[in-house]
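Peer 1: Chains as they are written, first to last, in the numbering used here: chain C, 25 to 434; chain Z, 181 to 283.
Just so you know, the hints here were simulated from the structure itself, not pulled from any lab data. Every value quoted in this text rests on a predicted model; they were computed, and no experiment measured them. Keep in mind that a hint or two might mislead.
What the hints assert, rightly or not - Cβ-to-Cβ under 8 Å is the rule here; a few derived chain Z residues that face chain C:
#1 Q183
#2 K184
#3 T185
#4 Y186
#5 K256
#6 G264
#7 A265
Each residue gets a CB set at the ideal place from its N, CA and C atoms; glycine is no exception.
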Amino acid sequence: MKKLLILGAGTAGTIMANKMQKKLPVNEWSVTVVEKEINHFYQPGFLFIPFGYYQKKDILKPSLKFFPRGVQVINTEIEKIDPSHNNITLINGLEIAYDILIIATGTRISPEDTPGLKGELWQKNIFDFYTIDGSEALAEFFKTWPGGNLVINVADNPIKCPVAPLEFAFLADYYFTRKGMRNKVNITYVTPLSGAFTKPKASRMLGSLLERKNINLVSDFFIGEVDNANKKILDFGGREVPFDCLISVPLHSGDPVISKSGLGDEFGFVKADKNTLQSALFKNIFVIGDAGNFPSSKAGSVAHFQADVLEKNIVNYINNEPFSESFDGHSNCYIETGFGKGILIDFNYATEPLPGLYPLPVVGPFSLLKESKLNHLGKLLFKWIYWNILLKARKLPVTNYMSMVGKKME
Amino acid sequence: MAQKTYAGVTVDVNEEGYFTNPSQWTKEIAVEIAKEEGIILTGQHFAIMEFLRNRFNGGEALSIRSINHSGVIDVKTFYQLFSGAPLKKATKIAGIPKPASCV
């Protein structure tokens, strides 16, 4: 009996467990998942908690609900991967051997890597919204905050869900408008990028949206430290931005076990081929989702699109065939813009987000790179899709590779 | 596709002046692009540009944060060498595409 071992059961790991259990012959292969958390968070929901749309209970389900029958699940922490001996060691000392390893250990915020960020103001005036604790603390803070300088800072890329900080700015504008105190809140978006976003057309579109919503943009700002005493952030070029409330999207890094096992780059992201998803160092190790050092978005949609590629490539690997699939960097995401509207973007390694309709021309129903109420509803509906279709690897009516159908070139 | 001539060599660039074919780059060309940006290149500049080019050629994402792990200089020095928007300037002078970061 051969073993396929999956490390991590977030979006990517859970989808792969579902796919591979169905794909591989049960009399030849067993599928095992190691994940320390017993609950699965709907991570896009973190963004909505500070503004009171969701509470913790609305975005949480037991992980076990999402694994198919036959998959063995081990709820414990991983101590080390030993790739030259094809096994891993768990925190309790138990060893598990594998024939094929899928690493889906994700990414996490490392606020401790920026001096002063996790200082005395952490979770008092400085918050993150990438963890459940951060989001909940911020929800409490906003309830009684009298207003002032609200600063949203992205430390540096890569970050999970690169549009989330912008969505936060838009939703904050909407939230304080509804509370009748928008005039008391000065919102500033501070980014290491040269504009609102990374890709030119989307950056222009989102930049003008910031302007229209009266949100200040500070670009090319790379945070060097947080001055807790004077409540300001400083960049290496000597610029300063004062805050009364700082929303930080801290630096991200991979799971510590990756570096410990010698599989990662300097940030603990697994070195792997951006097209085949195979580890750069060991042929029987594959990587999916946020854990990899691919130059693609760290987002659930990417993990979802990668999963179809990885499923086929692993079968190719088992059969000693050349890889048949190549991941194109496909990503798409809804961007909440407040006031009941949203934007949808769809892109890959080579093609930037373009205007048009998705997934079909003429009928859409979703409009690309343009605000619409339907896009907002799409985002709300997505939570149901995530729990009921996506995690269980059921088919969605969208193409795996990015398609130019419905997109308009300028 | 636009073209520019540096040090007597014609190279392909995009509308922002970034190389579209990094193999056309030479150190002599870099010196001329740097002049346009008001920078006089030193050994430190070249060392960090080599790091950026190697990383780019290896298919890895470029970020300001990665400079701290370059083993050449830290981020603070990077800002002093290419003041203002260092990663944008350094990649332009190093003849590689403007980093799209991670989206």
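Peer 1: If a hint holds in the structure, say so; if it doesn't, say that too.
Peer 2: Evaluation of the provided hints:
The interface hint given for Z/Q183 is violated, since its Cβ lies 20 Å from the closest Cβ of chain C, which is over the 8 Å cut-off. The interface hint given for Z/K184 is violated, since its Cβ lies 20 Å from the closest Cβ of chain C, which is over the 8 Å cut-off. Below 8 Å, beta-carbon pairs count as interface contacts, and Z/T185 has none with chain C, the closest being about 25 Å; its hint is therefore violated. The criterion of a C-beta within 8 Å of any C-beta in chain C is not met by Z/Y186, whose closest approach is roughly 23 Å, and the hint is violated.
The interface hint given for Z/K256 holds, since its Cβ lies 5 Å from the closest Cβ of chain C, which is under the 8 Å cut-off. A least Cβ separation of about 7 Å between Z/G264 and chain C falls short of the 8 Å threshold, and the interface hint therefore holds. Against a cut-off of 8 Å between C-beta atoms, the interface hint on Z/A265 holds, since the closest Cβ of chain C lies about 4 Å away.
In this structure, the earlier hints numbered 1, 2, 3 and 4 are contradicted, and the remaining ones agree with it.
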